[in-house]
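Starting from the known structure of chain A, fit chain B onto it as the hints suggest.
Listed in order, the protein sequences are those of chains A and B. Plus 1329 on top of the position in the first sequence (first one is 1) and you've got my numbering. Plus 433 on top of the position in the second sequence (first one is 1) and you've got my numbering.
Hints are computed from structural coordinates only; laboratory data are not their basis. The beta carbon of each residue, even a glycine, is placed where N, CA and C say it ideally should be. All clues given are correct.
Calculated lysine-lysine pairs in the DSS-like style (CA-CA distance at most 25 Å, straight line): (1) A:K1561 with B:K480; (2) B:K699 with B:K644; (3) A:K1561 with B:K483.
Restraint ranges, calculated between C-beta atoms of paired labels, are given here: (4) B:P621 with A:R1732: 44 to 50 Å; (5) A:K1502 with B:A721: 38 to 44 Å; (6) A:P1365 with B:R472: 48 to 54 Å.
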Amino acid sequence: MADAGLLRFHVPEPEVRPGGTPDFSNVTIPKAGSVPRPEIDVDPRSIRDMAFSIIRVLNRAGEAVGPWAGLLGDEELLEGLRHMVTLRTFDARMQMAQRQGKTSFYMQHLGEEAVSCAFRKALRPGDMNFPTYRQAGLLIADGYPMVMMMNQIYSNEADPLKGRQLPIMYSSKEHGFFSISGNLATQYIQAVGWAMASAISNDSRIAAAWIGDGSTAESDFHAALVFASTYKAPVVLNVVNNQWAISTFQGIARGGSGTFAARGLGFGIPSLRVDGNDYLAVHAVAKWAAERARANLGPTLVEYVTYRAGAHSTSDDPSAYRPKAESDAWPLGDPVIRLKNHLIHKGVWSEQRHTQAEAEILETVIAAQKEAESHGTLHAGGKPSTRDMFEGVYAEMPPHLRRQRQQAGV
Amino acid sequence: MPRRTMIEAIRDAMDVSMGRDSQVIVYGEDVGFFGGVFRATQGLQAKYGKSRCFDAPISESGIVGSAIGMAAYGLRPCVEVQFADYVYPAYDQIVSEAARLRYRSNGDFTCPIVVRMPTGGGIFGGQTHSQSPEALFTHVSGLKVIVPSNPHDAKGLLIAAIEDPDPVIFLEPKRLYNGPFDGHHDKPVTPWSKHELGEVADGHYTIPLGKAAIRRQGSAVTVLAYGTMVYVAQAAAEETGIDAEVIDLRTLLPLDLEAIVASVKKTGRCVVVHEATLTSGFGAELAALVQENCFYHLEAPVARVAGWDTPYPHAQEWDYFPGPARVGRALIETLEA
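Pulled out of the complex, with its shape left as it was, chain A reads as follows:
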């Protein structure tokens, strides 16, 4: 073989940077309804191609088509739309509250609402999610009170976490929502452990692990895949590929691999890609994976192909690293508009009713916000006590902490 000359170092680059014209021509979008729906006990080797395709249900005309369609009735879809609009409205209000100085930090879901809202409806009560910071739809769709979320965001006197956690790092065992760490990928292997425990206990509950595209580079992601495949743990392994890890495009974590879903293939784990902006597709695939887990068929890896339309957090400015119009060019559209159009197409919804619903939801969110703010915001009104800071490190306070609490004068 001919000498290729000196070695060259390779650093992947996104297609376009600020100032350029957004271009997603490299993202192959299969037609809605074109990907088959295998039986849940399918031999994983026979569906390896699904890790390179995208399961889609809603087409451009707003129709639900193909083998993954037809699982949800009109009422369930209307409820799903309500959840997504609620989450979007909630985000907008909390984003604004952060800008008004009522809290230190916020992370919104703009463009990714379908992923967590639809997924929650595929689970049963008692199942446990190990979420990242961008799955609050799991709480909204499970009826967790918004005012509790806001109390946590404001770290006020009614904060269920006593002011100890960064805003949006919720915890609710009752609603199947494991305490968010804020450290990345750690929760992925914990979800597998929870699922192993459920199997060890001959239970029927399953776990769901969550991670973003960027964090799949963490070793805990790989540890989770090893444990999940080795012990056939009843867990759904979710990867939300929203294209951006703060300023780092997904190609930095993905490298030369075809897709994030394909990471599962080496472990013999059935690995699917799904249109993350398609409520029906997300729900159908989540349901398939959950059924596999419950049937002792083991883990499923699901990559949700979506786009983070907003900033990473309130501390981030995406205009510094990607074209401003990039989200408009995203070929999978907006999850709220797509479900809305589908429901209008079905004749069970209209633009007018949608506008009215948006107004009603805004009122509900504002009412919750008023109630939460009556308990204080980060820098004003009621707040958790200094004493709370010392409590709960251990079940029983050890002598050294008691001494320090006394030193602090509380």
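Below, chain B alone, put in the same frame as chain A:
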């Protein structure tokens, strides 16, 4: 009363705990069928089945991370990290997750796990089988840290750790597995079968966390030690003829400050010893606490004897290990100060 080696006592603790509570699960590398490289889990898989004692992939972060998930579910995992030197991949899971879960979720989720690991040197294990990383854990709020020094304590403390509602790091001084090693590497070790602390009662008993034990009564100087160094300190006292009081801390976090202060106020002098490297070692915390709490009783500076600040060497093991000669010199210097 039956006599057991430290390994047998540790195995018995897990056996008793698994027998009493079906939520107790034991796993780690080589832990299942084989029973662990030190045989601490030998027979447990055969007795309790593969669901409760099994082999894990070589992934410490996976072992501890999955244990945290199991604990959140409601089980009580007691996992083995094959050597303390291998725990670092699991450090994030221990520090950022296990230690903080109760606090950050305000008790919504808790983490009653035990992470067992052989610690310390003296076996020609080189830098990857000899480290003493206890200070990396005592620095973390939310953890409890135990270093037993004998079979009787090891069993009672391990059962207490498994029953504890919070995460416990259980460091087993591997040089003590077979007998009370006193640092005289050229002499044979008395086996636990001939030592009174090798007496390990059958069945269930616990030793409360946070309680030290006085191993040698004395009035001239207090030696604070744990693990293998308890025997090194005792040997140093015998060989120098110094009337030293040797305190075996047993639990480093939470610490039995009361016992330490009572002893140092009595003796007026204090030597802190550990195998781990000196700088920022647990001895620094002990020395600070002694001067904070006993300053007006001290007649000499608090001395520290520790491993040198180098990686743990292989050929030079006995030049590195803080043996009875070095501890003895510190005792003499502290008395002469």
